[in-house]
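J.: Chains as they are written, first to last, in the numbering used here: chain A, 1 to 160; chain B, 1001 to 1074.
In case anyone wonders, no lab produced these hints; they're calculated from the structure. Be aware that one or more of the hints could be misleading.
Okay, derived cross-link-like pairs now, DSSO-like style, lysine-lysine, Cα gap no bigger than 30 Å in a straight line [claimed, not checked]:
1) Lys26/A with Lys1034/B
2) Lys53/A with Lys1034/B
3) Lys106/A with Lys1034/B
Here the structure is a predicted model, which is why all the values come from computation and not from measurement.
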Amino acid sequence: MIIRFEQSLTVSEFLEEVKRRYGSDKELRRFSERKPKDILAAEDLEDFEYYSKHPELRSERIQRAVSVIPVNDQALSIFSPERLKLLDVLSSKRFESIRQLAGFLKRDVHNVYEDLKRFQALRVLELERGPGNSRIPRLLAQYIAIVPTHWEKLEASKKG
Amino acid sequence: MYDRVGPRGWSVVIMPQEIIIDDRHGRPHIHPPKKQGDPVPIHSRSFEEVREIVYSHVERNQDVVYRQLLEELR
């Protein structure tokens, strides 16, 4: 089984998102220089530089997805009912802080923060800077799809 | 696995092995894990076909075996 988080955004939205995530285009360059092994940041930088030079593409769309392939039951536990509820709530409501979200979910703020950090690491959501030290959780994915295991069927069809 | 499709082309990034498959600089090719080595050209396929091959590979092996994946993509 594969769990696929999908997002569709325009090139303009992508450029804004990159600036929001890294602070600015300069910060992204600095980050990429400091962490040359972060290949997702390198991908962002390459795309950012390309699209910045092609303003005619600003209204074109980019489809992005994160696919999680849980190879064991422990890996699958990232999708506990509580975490799925958290994603569901974030898809329809906006919260000004993690504390506010935790209050809505009636959960401990530290546990909610840990869950958000997991999904942030997967790049499924972002934690935007809010007033003071607060962080505004924002879901990036618009669709969450479950792709059932099908490789055996695929192999069989290839063999005819 | 992270994928993106846009006007610049498509790319598939497999983590944590750090394998990149993309068609952004001409023909589709694969970058070996952690970019250790030159990119290797692969058979011309659509993004969806490549994604399917990677999905099947990971599900079948419960892991990513670079040499084997390369053969499946060639």
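J.: Work down the list of hints and note, for each, if the structure agrees.
T.: So, going through the hints one by one against the coordinates:
no.	hint	verdict
1	Lys26/A with Lys1034/B	24 Å, holds
2	Lys53/A with Lys1034/B	28 Å, holds
3	Lys106/A with Lys1034/B	42 Å, violated
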